[in-house]
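Visitor: Chains as they are written, first to last, in our numbering: chain C, 1001 to 1443; chain R, 86 to 444; chain G, 424 to 712.
Computed list of lysine-lysine pairs in PhoX-like fashion (alpha-carbon distance at most 25 Å, straight line):
id : chain 1 : residue 1 : chain 2 : residue 2
1  : C       : Lys1272   : C       : Lys1312
2  : C       : Lys1008   : R       : Lys325
3  : C       : Lys1197   : C       : Lys1226
4  : C       : Lys1131   : C       : Lys1067
5  : C       : Lys1127   : C       : Lys1074
6  : G       : Lys624    : G       : Lys484
7  : G       : Lys578    : R       : Lys191
8  : C       : Lys1064   : C       : Lys1260
9  : C       : Lys1346   : G       : Lys484
10 : C       : Lys1183   : C       : Lys1226
11 : G       : Lys624    : C       : Lys1374
12 : G       : Lys624    : C       : Lys1332
13 : C       : Lys1061   : C       : Lys1260
14 : C       : Lys1127   : C       : Lys1103
15 : C       : Lys1176   : C       : Lys1205
16 : G       : Lys484    : C       : Lys1332
17 : C       : Lys1312   : C       : Lys1322
18 : C       : Lys1430   : C       : Lys1413
19 : C       : Lys1226   : C       : Lys1205
20 : R       : Lys388    : R       : Lys334
21 : C       : Lys1312   : C       : Lys1344
22 : C       : Lys1245   : C       : Lys1312
23 : C       : Lys1008   : R       : Lys345
24 : G       : Lys484    : C       : Lys1344
25 : R       : Lys191    : G       : Lys516
26 : C       : Lys1183   : C       : Lys1205
27 : G       : Lys516    : G       : Lys430
28 : G       : Lys484    : C       : Lys1374
29 : G       : Lys662    : G       : Lys516
30 : C       : Lys1067   : C       : Lys1089
31 : C       : Lys1344   : G       : Lys624
32 : C       : Lys1067   : C       : Lys1127
33 : G       : Lys516    : R       : Lys334
34 : G       : Lys624    : C       : Lys1367
Simulated from the structure, these hints should not be mistaken for laboratory data.
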Amino acid sequence: MEMNKNTKIIIAVVVILAIVVIVAAVFFLNPTDVTKDAKDMENSELKMFGNINGDGFIDEKDTKIIKGLIDEGKTATEFPLADANQDGKLSQADIDLLNKVIKGESCTIWHMNLHDVDGNGTMDYEKVSTKFPVTSMICTGSSNTFMMLNLAGIFDEVKGASYGSSIDNIFNDTYKNTEKVVKLGTSSQNIDFEDGKGAASEVIKKENVTMVLSDWNRTYLTNEDKFEAAGVDCVRLAAASTDIKVMAHDYYMLGLLFQKQERAGEVVEYLKEVMEKIESAIGKENKAVSAVVSSMTNYYSVGDSDYTAIIKFDGATNPLDKGSWGGTTSIKVMDNLDVFNPDKYKYEYVIHLRAYNAYTGEADVPKIYNDYTKTIAEYWENGYDGQYLVNANMPIPARLAYVASIFYDDIDKSWADEIHQGFVDKFFTKSYNVSEQAFVFAE
Amino acid sequence: MTESFEQLKEQYSKYTLRKILFIIVCITLTVTMFWLSLAVGTRQLSLEESLSLFINHLIGNAPDPDSELWYDDSIVWNFRVPRALFAIISGAGLSVAGAVMQSIMKNPLADPYTTGVSSGALLGASIAIVLGFSLTGGGIDNMGIVVNAIVFAMLPVVAIVAMGPFFRQSPASLILAGVVVSFAFSSMSSLLLVTTDSSTLARVYHWQVGTLSEVSWDAVLPVFIVELVGICILFPLANKINLMALDDKDARSMGLDSEKLRMICLVTLSVMAAIIICYVGVIGFVGLVIPHIVRIILGSDNKYLIPASAAFGAAFLLTCDVISRSLDVNASIPVGVVTSFIGAPLLLLLIIKEKKNIW
Amino acid sequence: MKKAKRKYIWAALFIVITFIIAIYSLSVSTFTMSFEEAYQILINHILGIEPTDRMDVIRDKIVVGLTAPRTIAAVLVGGILAIDGAVMQSITKNPLADPFTIGISSAALFGTSLWIALGISILPFFGSDMALTSNAFLFALIPAVAIVFVSSFKKMSPNMMILIGIGMMYLFSASTTFIKFNASEEALQEIYEWSLGTLSKVTWDCILALIFAFILALVAFMIASNKINIVSTGDNMAKSLGENPVRIRVVCFVLVSITTAIAVCYTGTIGFVGLVAPHIARLFVGSDN
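Kindly produce the complete structure, drawing on both the sequences and the hints.
Guide: Okay, structure coming up:
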């Protein structure tokens, strides 16, 4: 039995090694600052420290209030939002910092990032610092991020982006133009820092990039720490949000960082106007619409995702949420034929929320519609009736408006066209007539 | 007497000289590639610039954070140097593990992953990424994934060792056990992966593919220690491993307990392979083919095979990594792709040209 | 004689069990349906009674159009893979061989990923419906072609065949890894599913080809079974009995490739069946091919 003893020793050594590694790892772990300041930030339109009045701008109103707090001898523990430089005290230094911000001089600001820090799928607030102002940045390029930058009027400052093939052609002259914007790989979620050709370290040095923009999801920019270590601050926004408060923060933040506050103000004003319109139009209805949304061919979306958020905002319920699908947010219909079983799941609409080039009219929309709807039409009791193709490259409120016009009889598509055209006229670099293009299509 | 004793001695020393020469050539190649690798990457640096940055940092003359050179210095020192060192260490480790595995299993198809460590590690990583459950309890940051992978990678080894007394430990049955364990673990991972959504699947996949682009300094030290210890355990056993080519009974008559030696070697090389997988994923091919190529050039004597495999493996993997970074493609090329593209035709060529029968 | 009779009884028993399971599986589908409903639909279809309302049309489509071919395909593909696996194990004298050992699965996967991730099809004039299957099929044949080519000027021992196969496997698998690493997430998921092997894409159009492959494999290898037995004992033994082991090996391999390629191009690489089924069968009927 000598052999067994020896191998047991080896096994024991291995196990001990493993335990040592685990313990070391626990000590190494440095959880990021998911702050207790979350509650105060909740209602702020610009979630930045120093923005004491919670509106969308840093201005004399804020410095006046903070001066008053200092004179009254208040502390940073009582008013954490007033501590602009996050040094733990309310002092003249905070006011000096804000004055620099107002004048557009370079300094470092503290604000919140929207980020799923604990990995549970919901947005958290993460306190970070960013060098201000930003003149040179790179970003992870999803359609929503580019649209957000487009509306905010940020073009020349974008020096590099990583994006896939589904980005709309309206960005051909801007973000997809490789002479102005270096392509940093084909993933819309991650950018390599230093590797082979498609990584960021060259463009960061060449263009003096100080900021990288990404999304709140935990799968986006997983190597954030490498950028931070190189002096590139990571800012996270929620480009696909349907929540007006989050949208406001997105644009006010961009406006502040890039010194385009006036434009940001205009965008937020229009957003508020439009979102109110949509909410009141829907609010009048009886919320008995049931619909499913599809973001990939022959897949249904379930649970909480950017896609289901659209139909839920518009007052629909997703009948598939009743079933249990094993943790995934996309269900392959051909493997789960029960989705077509009317005894289990009944729905009036299938909304195909897909990316295609509608603005430039270059997409063969009827063919695309056919490809996406064919299989479902064979097995669904309503066939093609109720299947709609909706373009996913529009600004979020436009999407909400079009889907609302599908769900409710007394909301007309031209109402949605008007809302959409407003975005194009006010904020796009080129003009398009949206009612002439097929942003919504059905048989 | 046609051949005198001196002539025989001379022939024999030429024979060993050739082998030592080969090892020296490989080491020289490795060192040269190391210098070259410092100049290759996204950030365009010339050879002189990167060398001077490296040497300055080494002698303690690192630039401070405000200077112009700080950024480039951190690129060279924090990214390229650990990456090159890791390539050297893991190339050497995987090749030695492969050479020993092939000898003790008497099977040319064996590689360091035959015991199922890669499936175990994949299961650990899948559990960490898909279920968000990691043994460090801290969500799914990178450390959690690595720790999970290491612990789960040990399970197949433990399983095979534990099952040892229950069946004949001939090489064939050990391989079969490895295959079975491997299948079992990979089907458990498949179950997790097939029910999850595409971005989680993509994340697991990117972890699994062998690529050195995420290597940082905290990967280098643990792997260096493990590989060094592993090689120090295996190299002295070289003579005994040579004997394993005999039948177990014949070996016993020469005083060797084949089963015990096989187990020790198996556990050692599995740990060597496992630690590499957990940091950079599965780099295939190196453990399987480098020993073959070395055998064709130098013969099967493990006393030379082991160090030669280490040297050649290090040079090979480092070269492949440099190539993967210098190709002008806007996509990333995992190093495992390059090793296969270079190594596979090389192996085929050698096999086809080969006259004597190694196996 | 008694032993031989027992083997035939075992074989017959397996066929009957398969039949029974197949009949039952016709009623099983992800669309919740009871046993009786499923059979009613089948019987109606066979008798030519047209379904009337929309839901009945759909149910008919599901049972007759999806579940039935799937069941039949399962039987056929399983048979093909198992036969091919048994032959591979005999001609390579290696119990770990399966129909995919010599690079067929990596080659087919490469062809598949070319289509799914990059939209490249080898035979563009077949249209995009056939692109996936034609890519997979054609690429799956490449290892066979390579082995035939090499064997024309070099002696082909079993280990040599395996090593060449491994070389090709690495080349294809490396190329596939490169494609997958840079593919979109949806493409990656599709490729992954295909590599695990699934029967969910099988329709009636595939059945004809599968029947052809099954019959080809069964008949050809039954005829050659004696020769395969001889080869599995060793090259020298085979030569002394007047057989050319190299030629037999290569011909067998080509047949295995063709039939496996046909099976794989519809379902993806379903592992384990080709490896383990022959072993289990051997437990009952022994190793006589």
